[in-house]
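Protein chains: 2
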Amino acid sequence: MSSFDERHMVARKTGVFSRIRLALLGKPIPTARAHHERLGPLLGLPVFSSDMLSSVAYATEAILYVLMLFSVAVLRDQIWITIAICLLIVIIATSYNQTIHAYPTGGGSYIVAKDNLGETPGLIAGAALLIDYILTVSVSVAAGVAAIVSAYPTLHSYLIPISVVCIAIIAWANLRGVKESGTAFAIPTYGFIVCMIALIGFGVAHLVGGPAVAQQVQAEPGTIGSENGHLFLFVVLRAFAAGCTAITGIEAVSNGVQAFRAPEAKNASITLRWMAAILTFMFLGVGYLSLHIPTLKLYSTSSKQYMSVVSQIAAHTFGFGSTFFYVVQYFTAAILILAANTAFSDFPRLTSLMARDGYLPRPLARLGDRLVFHNGILLLAIAAGGLIFVFRGELDALLPLYAVGVFTAITLSETGMVRHWLKLKGKGWATKAGVNALGAVLAGIVTIVILGTKFVEGAWIVTVLLAVSFLLFKLIKGRYTAITKQLEIDDEIPARPTRHTSLLLVPRVHKGILAALEYAVLLDPTCRAVHVVINDKSLPETRRLWEKYGEGVPLTILSSPHRSLIEPITNYVDEMLEEDADQVITVIVPEAVSTNFWHKLLQENVAQQMRASLGRRPNVMVTNSRYFLR
Amino acid sequence: MSSFDERHMVARKTGVFSRIRLALLGKPIPTARAHHERLGPLLGLPVFSSDMLSSVAYATEAILYVLMLFSVAVLRDQIWITIAICLLIVIIATSYNQTIHAYPTGGGSYIVAKDNLGETPGLIAGAALLIDYILTVSVSVAAGVAAIVSAYPTLHSYLIPISVVCIAIIAWANLRGVKESGTAFAIPTYGFIVCMIALIGFGVAHLVGGPAVAQQVQAEPGTIGSENGHLFLFVVLRAFAAGCTAITGIEAVSNGVQAFRAPEAKNASITLRWMAAILTFMFLGVGYLSLHIPTLKLYSTSSKQYMSVVSQIAAHTFGFGSTFFYVVQYFTAAILILAANTAFSDFPRLTSLMARDGYLPRPLARLGDRLVFHNGILLLAIAAGGLIFVFRGELDALLPLYAVGVFTAITLSETGMVRHWLKLKGKGWATKAGVNALGAVLAGIVTIVILGTKFVEGAWIVTVLLAVSFLLFKLIKGRYTAITKQLEIDDEIPARPTRHTSLLLVPRVHKGILAALEYAVLLDPTCRAVHVVINDKSLPETRRLWEKYGEGVPLTILSSPHRSLIEPITNYVDEMLEEDADQVITVIVPEAVSTNFWHKLLQENVAQQMRASLGRRPNVMVTNSRYFLR
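In the order they appear, the protein sequences are chains R and E. Quick note on numbering: the first sequence equals residues 5 to 634 in the working numbering. Quick note on numbering: the second sequence equals residues 5 to 634 in the working numbering.
Chain R with its partners taken away, still in its complex shape (with noise of 0.2 Å):
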């Protein structure tokens, strides 16, 4: 923190707001402050890898969810989807492997897709992103909400107000400054994955030893897909559309590689590799088990019946109800909760990337400016809540829109990294493009079949909203690009003023004025004086002290008729400037500052009101001269 920002607070402290706001926010953090302690694989894992490993939560359920409403006789098909999305975890973590190291700073599809493959797909993998970061909040905590549902049924009447509550109090968190340790990612995370494993190794020992049993799966009746000929390849794709929401978040680690302690990309590396393998290896163990549960039940999350995947799995394995199935969905809710959280402070740091490049309002760049990055986290939690609330919390409805942003990133960026060994040619660089050339047929051929079998349920949404997006980008950078063509420095010198003139506004005479008259002074010695005649009583009086204390400059009284300040005093400076068009007037504007609110209500706030009227003259500065009240 900056010792002016203490200062300011410590000044401001008795005003009612401000004590609200610390309240609310407390102490003002920047921030930015969770990269000044760099991470090691051990603290860099929590940090980056809620995103994917929560994925677990759902990705199973999701998948079996597409199948049941074909035929429960292809629901064991499953372990087959899961199989081809681990397999494609691996390549894609092979490939991303390879962006960390090209790209030590930090290779987001942005600037990969950006630097090697142009414009236009750097702005349609930024747009995907960013969309794809809303979308994260509002599945997360949907699937969070989900994992709470699941242990109190009673509260699935509750879906939308929990959720957005959830929401709240993340972006709550972030205006707080919450990202203080990596021991705060660490607990939930290390909690999840112990879990996990601990749920999947009890569950394979309980299948080992229990009775084999023939699993009986029972889904919602009349939710069940007719077993005619219906296309069985569609059924197996879109459950692997369904899948995928896995694999996002994968991205997380080469974003942030600077994050990292030296050597960066090394460490970056393995927890890469780790973060693959243990979702991978969760995954598998979720699939597994869910295919010799004998007495699954499927639901849409708007049944009030609806127990998730991994709850019932937990239930079955330690009893619905035992302390640790507790565990399990209280760890799971935790890990979706901070997944959430990642998104928060993943989209203000993209926005801030993509405004110093002109595609977003330029403001946004600056992100260590509270202002800026407050707008940027509201930004998403509204988006995000809207999302919440547009789909009633549901993530089933959600999760059609997910994954679709994602894999288009991915496709570009794994695509960029190809032109990237082409053109860079190191050393095997032939291995490197082939292994990011796998991965972007892959995720190209992933991202065309979400499109295709989820475009009706959803991913129309996504697409229209890039387009749009994508728009929106090059109309803003149209803009800044005419005005920096419009203020190109050209031969033509344009007549400048040669003088300046400094004008003193003197309502009253007090102290306050006499500190005004002395900066007034010291820019201009021959400064001028204006006092508006508001209080006809109180004009004597002030012709007396200025006489006293005015230290010779000459007080012009300017009467009103209709008791305005403002319009005198601009028909006064438009009277100066055609005497003499050749100067700069600053007109200085004494202000009262109070640090009481209810104070406050009793200044004048002269300034912005002279500023908005003289505002069209070019040649007109207000600058207020501030004094201070107990």
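By construction, these hints were calculated from the structure, which means they are not laboratory data. Hints are not guaranteed to be accurate.
Identical copies carry no separate label here, and so any pair may be met within one copy or between two of them.
[Unchecked claim] Here are the computed lysine-lysine pairs in the DSS-like style, where the Cα-Cα straight-line distance is at most 27 Å: (1) Lys481 x Lys429; (2) Lys270 x Lys429; (3) Lys515 x Lys308; (4) Lys481 x Lys541; (5) Lys541 x Lys427; (6) Lys604 x Lys478; (7) Lys604 x Lys481.
Starting from the known structure of chain R, arrange chain E on it as the hints suggest.
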């Protein structure tokens, strides 16, 4: 309109908000324009009389309603109460006539009471008047809507929405600047007067010509009071108090003497006399007729069958549904709306007066500044609308609150006039003092009667509001006095900065920055420039361009690890102040000005954030140097 305003509007015409504002509020019009054309009695009457004359619409009914609640048998006593009130009107008008001559610059109750009786009575009068302006709006609108509802009974269910819309329209018209000519006032006022004279004339002719029928007043069943031993005197006093609402608005002329053309006092005096004469005639006429309509029914305004007494007289005289019946209703509604409208110009004028004396926030004194004027109008509209809402738009419920304030103010004003003559002792001072003393005593008695008889029904609310307002005025004055004391110039001369340094922010190098540089150099030839690195890529270009165009001003490059613009600059300014505490620093923030609303979103508003961050440092000023974009 000042030439600037016109230019300003043209310049801003392209903005979306400006266009909406232009459509809603029209071209900005100085609020005081109405006073450019001075009024004779012919136009003065409509401008100042609507509040007073319009009370004919409800005063008779108010008397009858109170009497009816006691007993139908005493309804005939109404005429005696009406005659008593008319006498009171004559006496009070006569004494206000003296005020006009004594205070030709405008003698509102606040001024007269404060000048002659001191601060406390002045503030009570001021508070009473402010509360009364709010009630004038509520009561007049409620009565106007009652006139409409009398003509169109099906509208009764929409009492509140119609009233609120009326207030909104009046407020909107005032924000637009409605008072462009006395003619706008003349039509409804003279229309109403002609209507009432015609109504009374035809009504009396009807009675004389028609068959002599004994009146059989019908009242709502169940609301008739018991005819037991209730104190008859109390009922009469209460009915009298209810009728005194007819006198509200009598002080309008003496408030606005300056609006008349020379000889101001004489013209005002003529207007006041005519006003009183017309009111007396109409009030007596309506009172007389109401007693001679055989089928008169008295309803609460909350009743669905409600018809006002005036509308029943019109219906009896011309037939319900006849053209002239509707004409009477329209003009009644019109003058009532006009009465509400006058409160919208009186309220801000009084707050301006009180603000000049330091009893209300000082910015309110600047009536001529649009922002201030608009806030006053919105405040009044919200307060009056709130009352309508709380009292469900029912005139019955609002009337008990009315008149307490007016009579408190009249009493204080008359007492003040007595003091005035006793101090001044001019020609015939004894007679004049006597007239005012009579007015004071009578008004005082009426105040006590109103308070005593209407206290429970609502006068207590006004009493509480009076006390709260009074305390608020004292608090505000206390704060201003404390500030004045703090800022009083004493002998100790504080250490003042002796050097001035200007510090230019250079985000990029372009034409706009070069203009800002010219200004910075004009202010301080040894000025400094700083560039905060938000975008590393553009740094070399910035350096190169500054080398070329920077006019030799040294450019300090500040790194910003957290990508903050504000933090590095505040730190740098602090370093400068540490180096040399004896200087004053002007931070010059170049700022792009766009005319287009959407473009504005893309612009940085750094100056304001800078001002907030540097706000507590006494020797640092922030100025924005603007450059203009197409």
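- Query: Against which earlier hints does the structure fall short, listed by number upward?
  - Reply: 1 and 3
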